[in-house]
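Number of protein chains: 2
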Amino acid sequence: MNNFNFYSPTYFIFGKGRENEAGKYVKRFGGTKVLLHFGGSSAIKSGLLDRVKNSLNGEDISFVELGGVMPNPRSGLVYKGIDICKKESIDFVLAVGGGSVIDSAKAIAAGALYEGDFWDFYTGKKVEKALPVATILTIAAAGSEGSSSTVITHENGMLKRSAEGNALRPVFSILNPELTFTLPAYQTACGITDMMAHVLERYFTNTQEVEITDRLCEGILLTIIKEAPVAISEPTSYGAHANIMWAGMVAHNDICGVGREQDWATHQMEHELSALYDVAHGAGLAVMFPAWMKFVMNHDVMRFAQFAVRVWGCEMDFQHPETTAKEGIAKFEQFLISIGMPVRFAELGAKAEDIPTLVKNMRLGNHTVGSFVKLTEKDVTEIYKLAV
Amino acid sequence: MNNFNFYSPTYFIFGKGRENEAGKYVKRFGGTKVLLHFGGSSAIKSGLLDRVKNSLNGEDISFVELGGVMPNPRSGLVYKGIDICKKESIDFVLAVGGGSVIDSAKAIAAGALYEGDFWDFYTGKKVEKALPVATILTIAAAGSEGSSSTVITHENGMLKRSAEGNALRPVFSILNPELTFTLPAYQTACGITDMMAHVLERYFTNTQEVEITDRLCEGILLTIIKEAPVAISEPTSYGAHANIMWAGMVAHNDICGVGREQDWATHQMEHELSALYDVAHGAGLAVMFPAWMKFVMNHDVMRFAQFAVRVWGCEMDFQHPETTAKEGIAKFEQFLISIGMPVRFAELGAKAEDIPTLVKNMRLGNHTVGSFVKLTEKDVTEIYKLAV
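Heads up: the sequence lines are chains A and B, in that order. The numbers in the first sequence follow my numbering, run straight up by one, and end at 388. The numbers in the second sequence follow my numbering, run straight up by one, and end at 388.
Keep in mind the hints are simulated off the structure, nothing from the lab. If you're wondering where the values come from, they're calculated on a predicted model, not measured in any experiment. One or more of the hints may lead you astray.
A pair holds if it fits inside one copy or across any two, identical chains being indistinguishable in the list.
Said to hold, decoys possible - With a Cα cut of at most 30 Å, we get these calculated BS3-like pairs of lysine-lysine: (1) Lys129 with Lys33; (2) Lys45 with Lys331; (3) Lys16 with Lys125; (4) Lys385 with Lys27; (5) Lys53 with Lys326; (6) Lys378 with Lys87; (7) Lys24 with Lys129; (8) Lys126 with Lys27; (9) Lys129 with Lys16; (10) Lys16 with Lys374; (11) Lys16 with Lys126; (12) Lys125 with Lys24; (13) Lys129 with Lys27; (14) Lys226 with Lys326; (15) Lys80 with Lys53; (16) Lys24 with Lys351; (17) Lys80 with Lys125; (18) Lys16 with Lys378; (19) Lys226 with Lys126; (20) Lys125 with Lys385; (21) Lys385 with Lys326; (22) Lys331 with Lys226; (23) Lys331 with Lys80; (24) Lys86 with Lys360; (25) Lys87 with Lys226; (26) Lys87 with Lys351.
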């Protein structure tokens with residue numbers, strides 16, 4: 001196990017009707033003038049935004065609204081949000097939505113206290129301070145409600161990049177599973193794939209003696225495998241959605257990833273896909289993860305066998321561990337198909353002839369990506385080809 | 001899953017040599033004058049205390065030393081610590097030791113900002129404010145390094161009671177597994193039993209649809225079952241001790257217990273044992289937990305069967321689930337014996353004729369204890385008898 005620091009100071013408020021406590025918690029965490037940030041019309045139509053506004057009004061907290069966050073959130077709205085914060089002396093950013101809204105809110109919160117271009121944070125500068133951010137989560141997926149990171153796509157070049165810093169961890173996050181009942185099944189499945197990917201990026205590691213985080217990773221995956229089909233086929237199953245929602249947070253606040261090298265190559269390969277084609281992040285991950293696994297499996301067959309046995313219930317083939325390892329990858333791919341995810345380029349609308357562009361956009365040059373296996377441009381090209 | 005709040009804001013600093021960063025973190029978290037609280041001579045002899053003092057000196061942080069915390073920490077030293085804090089204008093309490101030292105530090109930190117008797121907090125008053133507490137952990141066991149609770153024994157009547165409040169969560173905790181290498185095997189085993197008990201108090205619940213926390217509980221237990229024999233037989237195995245140390249934190253910061261009714265009857269029964277006989281808490285738990293399980297098993301045979309299959313690798317007997325359930329309890333008891341724990345009264349020096357005293361000291365009256373099964377005085381008497 002490697003040395004590590006772990007810090008997850010977010011106050012989580014979980015359960016039915018908890019969004020009505022938003023005002024109370026904004027007040028407790030020092031907000032007096034709030035940027036209320038959200039996405040499209042669903043938060044308005046469902047009445048959620050009204051409930052949140054009522055809660056803020058009930059505590060005499062003033063707010064400025066900024067809606068319109070798109071999936072794969074863009075820089076344009078972030079610049080607009082930063083302007084509003086500076087002009088209106090906003091001291092608190094409240095995100096009502098899924099990972100895209102939260103990531104946009106984090107970008108605004110960091111940019112509001114920074115003199116330069118907020119994009120600096122997405123090209124390597126660490127976020128040291130930001131306005132306090134809080135979230136009311138409506139999609140179980142990205143884990144941004146408990147994480148220290150944010151992903152934004154810059155409209156100049158459609159580059160999708162991430163920024164990081166403990167200042168970006170939400171001060172509080174409200175998670176009401178009922179808010180996820182109305183999501184289309186496809187979007188629920190995309191979210192489920194995203195959270196599985198967050199675990200897998202941590203699970204496949206070269207670090208030895210990490211049984212505790214291995215077991216926590218496996219526990220989260222086993223939960224998702226059990227609850228996902230229920231959440232998708234029974235949209236109002238509170239139990240299934242509650243388990244999925246908390247799994248999504250635990251998958252990404254790093255409690256299951258501390259003390260071990262993490263990989264994240266697949267996320268970077270996917271970012272190029274969703275930047276180029278504007279596909280859902282989860283769908284892109286469903287296409288890329290099995291391909292990545294097939295390419296790297298021989299690097300550590302026993303880890304893939306462990307994945308197969310402990311997570312997918314495969315019988316260990318002690319004579320041919322690689323058979324078990326392959327079976328685990330196949331079961332994962334079958335699971336993704338069973339919840340309605342694409343697993344090949346064509347299903348996503350991606351094209352084999354764009355592979356050179358995808359690889360070029362990663363700007364690897366002579367560098368590599370990933371840590372389980374350090375991938376060169378040539379390796380990445382092969383993996384994209386496996387996904388065709 | 002029940003509604004819940006979860007808040008674990010402690011900054012964890014984990015790994016080799018990290019105690020040398022104590023001064024840096026005290027400064028970061030605002031400490032200027034520290035009460036340095038510790039136990040017996042081992043922290044002095046090992047040179048740990050000197051390293052911590054050097055680290056504080058390096059940041060020009062002044063401190064007052066208060067050693068002498070005993071296992072099952074007592075009220076007398078707490079009163080003394082509170083006096084020192086008030087007289088010396090202490091603004092930060094740094095605990096160097098195991099759960100006893102940390103619990104004593106938490107009591108002092110709460111009492112230092114309170115006009116009344118600190119014992120009020122241990123008889124029902126919630127802790128709303130306290131001096132910041134930080135820890136340098138030397139025993140993997142109690143989980144107090146990440147928890148919001150503290151247990152103290154009052155010398156007036158030898159009552160062992162707990163207090164709770166988010167203000168008691170350490171601002172930072174330094175966990176260096178190497179510091180646990182020198183513990184006697186018996187004490188390591190007591191710590192292991194304590195952390196298993198923290199999981200089990202959460203695991204046996206009547207709350208439905210809690211797969212995510214079930215799986216996290218099971219993952220922690222599976223880790224402990226694998227790593228404990230190594231940690232005991234190879235005292236300098238870094239990997240085993242690192243896994244055990246982080247498992248001890250995760251077992252008790254409540255990440256594996258949110259959203260579900262928890263039991264805690266066994267802890268209360270054990271508190272009476274260790275208060276009366278001054279035995280190690282972990283040893284007392286090893287005696288009481290199998291007894292409790294045998295008494296309550298029929299309340300939910302399938303939960304005990306799940307415990308047997310998922311945690312102990314038992315084969316499910318689908319015709320007779322109670323056979324599997326019993327096998328799980330037997331395997332747990334065998335495991336405790338294998339790591340050198342007592343499992344009966346006599347091994348602990350406890351006496352059957354004291355059972356009425358133990359029951360009386362719980363002061364249940366017409367109330368019950370526990371939630372999985374609500375135990376009356378009669379039930380508690382039966383469970384103590386099963387442990388004889």
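Going through the hints against the structure:
Proximity of Lys129 and Lys33 under a CA criterion of 30 Å is satisfied in both settings, with 18 Å inside one chain copy and 27 Å between copies. For the identical chains of this complex, Lys45 and Lys331 are neighbours neither inside a copy (39 Å) nor across copies (55 Å), given an alpha-carbon limit of 30 Å. For the homomeric pair Lys16 and Lys125, the shortest alpha-carbon distance between copies (28 Å) is at most 30 Å, but the shortest distance inside one copy (38 Å) is not. Neither within a single protomer nor between protomers do Lys385 and Lys27 lie at most 30 Å apart by alpha-carbon distance, with minima of 52 Å and 52 Å respectively.
In this homomeric assembly, Lys53 and Lys326 never come within 30 Å of each other (Cα to Cα): the closest approach is 51 Å inside a single copy and 54 Å across copies. In this assembly of identical chains, Lys378 and Lys87 lie within 30 Å of each other by CA distance neither inside one copy nor across copies; the values are 48 Å within and 68 Å between. For the identical chains of this complex, Lys24 and Lys129 are neighbours both inside a copy (24 Å) and across copies (19 Å), given an alpha-carbon limit of 30 Å. In this homomeric assembly, Lys126 and Lys27 come within 30 Å of each other (Cα to Cα) both inside a single copy, at 28 Å, and across copies, at 22 Å.
With identical chains, the CA atoms of Lys129 and Lys16 are at most 30 Å apart between copies only, with a shortest distance of 29 Å across copies and 32 Å within one. Only between protomers do Lys16 and Lys374 lie at most 30 Å apart by alpha-carbon distance; the minimum there is 27 Å, versus 44 Å within a single protomer. In this assembly of identical chains, the alpha carbons of Lys16 and Lys126 lie at most 30 Å apart only when taken from different copies (26 Å versus 36 Å within one copy). For a Cα distance limit of 30 Å, the shortest separation of Lys125 from Lys24 across copies, 23 Å, qualifies, whereas the shortest one inside one copy, 34 Å, does not.
In this assembly of identical chains, Lys129 and Lys27 lie within 30 Å of each other by CA distance both inside one copy and across copies; the values are 20 Å within and 18 Å between. When the C-alpha separation of Lys226 and Lys326 is checked against a cutoff of 30 Å, the pair qualifies both within a copy, at 21 Å, and between copies, at 26 Å. Taking identical chains as interchangeable, the C-alpha atoms of Lys80 and Lys53 lie at most 30 Å apart only when both belong to the same chain, with a minimum of 21 Å there against 50 Å between chains. For the identical chains of this complex, Lys24 and Lys351 are neighbours neither inside a copy (49 Å) nor across copies (53 Å), given an alpha-carbon limit of 30 Å.
Taking the shortest Cα distances, Lys80 and Lys125 sit within 30 Å of each other inside one copy (21 Å), while across copies they are farther apart (48 Å). Taking identical chains as interchangeable, the C-alpha atoms of Lys16 and Lys378 are never at most 30 Å apart, the minima being 49 Å within one chain and 38 Å between chains. Taking the closest pair of Cα atoms, Lys226 and Lys126 never come within 30 Å of each other, the shortest separation being 38 Å inside a single copy and 38 Å across copies. In this assembly of identical chains, the alpha carbons of Lys125 and Lys385 never lie at most 30 Å apart, being 33 Å within a copy and 64 Å across copies at closest.
In this assembly of identical chains, Lys385 and Lys326 lie within 30 Å of each other by CA distance solely inside one copy; the values are 18 Å within and 53 Å between copies. In this assembly of identical chains, Lys331 and Lys226 lie within 30 Å of each other by CA distance both inside one copy and across copies; the values are 14 Å within and 27 Å between. In the homo-oligomer, the alpha carbons of Lys331 and Lys80 never lie at most 30 Å apart, since the shortest distance is 45 Å inside one protomer and 62 Å across protomers. Neither within a single protomer nor between protomers do Lys86 and Lys360 lie at most 30 Å apart by alpha-carbon distance, with minima of 37 Å and 64 Å respectively.
Neither within a single protomer nor between protomers do Lys87 and Lys226 lie at most 30 Å apart by alpha-carbon distance, with minima of 48 Å and 58 Å respectively. In the homo-oligomer, the alpha carbons of Lys87 and Lys351 never lie at most 30 Å apart, since the shortest distance is 44 Å inside one protomer and 74 Å across protomers.
Of the numbered hints listed earlier, those contradicted by the structure are 2, 4, 5, 6, 16, 18, 19, 20, 23, 24, 25, 26.
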